[in-house]
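Peer 1: Protein chains in written order, with numbering that gives the first Met the number 0: chain A, 0 to 473; chain B, 0 to 473.
Since the hints were derived computationally from the structure, they do not count as laboratory data.
Take the hints with a grain of salt, since some may be wrong.
Said to hold, decoys possible - To be clear about the criterion: a stretch of chain B counts as covered by chain A if any three or more of its residues have a C-beta under 8 angstroms from a C-beta of chain A, and this derived list gives those stretches:
| # | region |
| --- | --- |
| 1 | 41-48 |
| 2 | 57-66 |
| 3 | 81-93 |
| 4 | 251-258 |
Keep in mind that this is a model prediction, so the values were computed, not measured.
Quick reminder that beta carbons are idealized off the backbone N, C-alpha and C, glycines included.
2 protein chains.
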Amino acid sequence: MAAAEIPQRQTLLRLASLVAIYLFVTLVLPRPESVTPAGWRLTGLFAATVAGLVIQPLPGGALVLLAITLAPLLTDLQLQEALAGYADSTVWLVMAAFFISRALLNTGLARRIALLFVRAFGNTSLGVCYALSLSDMVLASVIPSNAARSGGVILPIARSIAELYGSLPGDTARRLGAFLMVCVYQCVVVSCAMFYTGQASNPLAARMAGDFGFEVTWAGWFAAGLVPGLLSIAIVPLVIYRLNRPEITRTPEAAAFASSQLHEMGPLKGTEKILTGVFVAVCGLWITSGWHGLDITITALCGSMALLLTGVLKWDDVLRERAAWDIFLWYGGLLRLGRALNDEGVTRAFAQAVGDYFSGLSWMALLLVALLIFFYSHYAFASITAHILSMYPAFLALLAAKGAPLGLVVFSFASFANLSAGLTNYGTTPAPMFYGHGYVPLKDWWKAGAVASVVNIAIWLTAGFAWWKLLGLW
Amino acid sequence: MAAAEIPQRQTLLRLASLVAIYLFVTLVLPRPESVTPAGWRLTGLFAATVAGLVIQPLPGGALVLLAITLAPLLTDLQLQEALAGYADSTVWLVMAAFFISRALLNTGLARRIALLFVRAFGNTSLGVCYALSLSDMVLASVIPSNAARSGGVILPIARSIAELYGSLPGDTARRLGAFLMVCVYQCVVVSCAMFYTGQASNPLAARMAGDFGFEVTWAGWFAAGLVPGLLSIAIVPLVIYRLNRPEITRTPEAAAFASSQLHEMGPLKGTEKILTGVFVAVCGLWITSGWHGLDITITALCGSMALLLTGVLKWDDVLRERAAWDIFLWYGGLLRLGRALNDEGVTRAFAQAVGDYFSGLSWMALLLVALLIFFYSHYAFASITAHILSMYPAFLALLAAKGAPLGLVVFSFASFANLSAGLTNYGTTPAPMFYGHGYVPLKDWWKAGAVASVVNIAIWLTAGFAWWKLLGLW
C-alpha cells in the first residue's frame, strides 16, 4: 500500500499546485483592464492547464478534457463552444494523417523506405546517418507523430545497424551506436521543423498564426522549411561527426543489411503499391493546394478513405489508434482554449504590457533577442506542444504589435520550437526513446544538443531568413 | 486468393449499389421544388449512407466518415460544418457515459449489481429473469452500449445459471436456458426504450426531436419511460413463461451461486465505492437537471473526470475504448447529416408529400397506423440506429404536419424503435449475442418476438399513452 500511496500523494500535490496556479492568476495577479473577469478566469484555467502539461499529474489528454469540462463552469464559454475544437478541420487533418501513418507503419512501407535509403547511402557511418535522417524527413511529410515515425521506424534500424558492428551500450558504444543515436536524433528535430505535419503540434502553431491573420498552409510551411531544413540536415551531422567521431567509419555491412532486409520483404506488395499511390497523391495535392484550392483536410480524409475502401487500412486500426485519440482529445481542447484566450484579448494585453518594456528596441533586435530566449527556454520543456502553447502566441503578439512582418515571425518561432527540442534528452517524445537505448552519457547528449543548437540557430537566422526574404515572407 | 477475393467482390458490389442509390436519388427521383439541388444531392448522400448502414460494405463508422468526407465535395456543406457533429454536446454526453460504463465494467461493479439482484430474487426461474432484467434496467440508466451492458454483463450470468441446472444448448436447452435467453433479451429491449442512455442511438432520436422544437432531456425520457417500461418488464416475462415454460421452475442454486460469487468478490472495493458515489451523483443530477439547470453533458463529463482523478478509470482505458470511438465517428457524422437534411427542408417536403395521401385520417388514426408500420418494419433492420435514422424524422415531420402533439409522437416512435428490436435475432447488437448461444431454435425466437411485440404494443399504446397524458405530453 505504502508504495502505491506515494504516486497518489504526488498526484494530489501536483493537482493542488495546479489549483494554486489558477487561484494565483485569478485572485492575486492584477487583471488588465481590457480583459473581462471571465476572460481572466479563462487565463487562470489556461495557465493551470499548460503547467499541468509540464508537471503531468494526469496524462495530457485527460488534463485538457478536464479543462474543457471546467471551462463552462468557470468561464463564459458555453459547453458547445468549449467542445468546438473537436470539429476543427485542423484537428481532423491531424487525425487523417494519423490514419495514413498507421497504414505506412502496418504495411511496412515506412520501414521499406528507410531501408532503401540505407541501401543507397549506407556505406559509411555518416551515410547511414544521412540515410536515416532523409527517411525520417520523407515520412515527416505525412506522419505527424514523431514518436511513431522516428521512434517506431527509424530508431530500430539505427540500433540494428549499430549492433551489426558489435556496438552496444557500454564499452562498445562509441564504435558506432553513440554517433548514430545522437546524430539521427538531431536530424529528427530538423524534420519536425520542416513540415506542417512534421510534428503533432505544428498544425496548432499554424492555427495560432491564423488567429493573427497569417494563414499557414501545408505548401507554405513546406516551402519555408525546405532550404534551411536541408541545410541543417546536411551540416549538423558533419559537425556531430567531428565532435563525436565513431570508431567505425566505413559501414558496408549496413548497406548489405538493408539490402538483405529488402530482399526478405520481397517486391512491393499490392497494399504497399496502393499506399504509395495515396501517399504521393496526398502530398502532391497538398503541395499544389494553392492552385486547385482543395482543402488539405479533405485531401487527407480522402486519402484515408481510399485506404479504408481498398482494405489497406482496417477500420479497427483506426479505432485502436490510441495515440491518435490521445492527440485528438488534447489537441481539440487546447486549440479551442487558445483561441478563446485570444478572443478575450488576453494575448494582446500581455504583448502590450511586455512591449512597453522594450519600446527602445527595433523589431529586428527584439525578434533576435526573443528568438534566443524562446529557443533556450526549451531546457524547461518536455514537449514542443507545451512550449508552443505557453510562449508562441505571446511572442507572436509581442512582435506583431512591434510591427515585425508576420510571416517571418510565424515561421521563425515555429521552427525554433521544433529545433530547440534537440537540446535535451526529454525535449520531445522521441528524445527519451533515442537516449534511452543507453549509448550516450547524459553529458555528451547535452553537449551535442548545445552544439547542434548553435549550428541550427546560425543556419536558420542566416540562410533561413534570406530564403524567407526571397519567398516574400518579409 | 479465390477465397479472399469473394468478400472483396461483395464489398465492391455493395459499394456500387450505394453509388447507384446516390445516382438514383439525384438523377431519377423528382426533386421537390422546395429543396435546392445541393439539398437534393445531400438527400442522395444521406440515403446512400443509411442504406450502407444496412448492407455494410464497410463498418458503419467508416461509412459515415466517408459520407462526411464526401459532403463538402458533393453538397453545399463546408467541411467545418460537416465536422460540427464531433463537437456536439449530445455526442460528448454519449462519450462521457461510455467512459463511466468502462469503469462499471472494469471494476466489476456492474456484475456485482446483477449478482445482488439474482441473490435477492433468483429462487425461481421467473425470479432469475426478473433479477437480470432489473439489473440491465439499472445499468441502462448510465450505460448507453446495450452490447456491453446486456451482452457483457447480463448474458454471461444467465448462461452460468442455466449451466448450474445442466441446461446446455441442445437436448437440455428447454430445462432453463432457452427460457432465460428469450425472456431476458425481451426485457433488454425494454430497458433500451426506457432511458435516454438505454441505447446508443436514443440521444440521436432525442436530438432529432430537438430539431422539431421538442427538447428531450434525460429526466424527461426517464419520466416518460418509467411506467410503461416497468409494466413491460413485469408482464412480458409472464407471457413468455406461459409460452415457453422452463422444465425447472425452482432455482435455489441460482441465488446460492450469486451469493457465493459475491462472497468471492469480497466487500465493495475502494474503487467501487467511489464509482457508486459517481454513479448515484450523475444519475441524481440528471434526474434533477430541471431544477439546477446543470447541463447533462457537463454532469457526465464531471463524472468521468472524477473517475480519472481518483484513478478508478485509467486514461488508457479511455483511449482504448474502441467501441466509444466507433460510436463517436458514426454518431457525430450522422447527427450532423440528419440536421443538414432538416435544414434543407427535405424532411418537411417528404412529410408534406406523404401527408397529402392521408388527408382523410385524423392525427390519432394516422399515428396508430404509422406506429404499427414503424414497429414491424424493424424486421428489415439490423440496428435501431438505422431504423431511427431512416424513418424517425420522416414520421415525426408527417405527424407534426398533421397536428399531432409532438411529445406523444416523439416518445411513442422513440420507444417503438427500441421495443421493435425484440422481433428478430438481429434487431440490435445484443440479439445475435443472446441468440448465438444456441439455446433457442430460430422459429421459437421469432415466435417469442412476435408475441412480445403484441404485448409491448398493447402496454405502450394504452398505459403508455395514458401515462403520457398524465405527464402533460399531449
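Peer 1: Determine which of the earlier numbered hints do not hold for this structure and return their numbers in increasing order.
Peer 2: Structure breaks hints 1 and 4.
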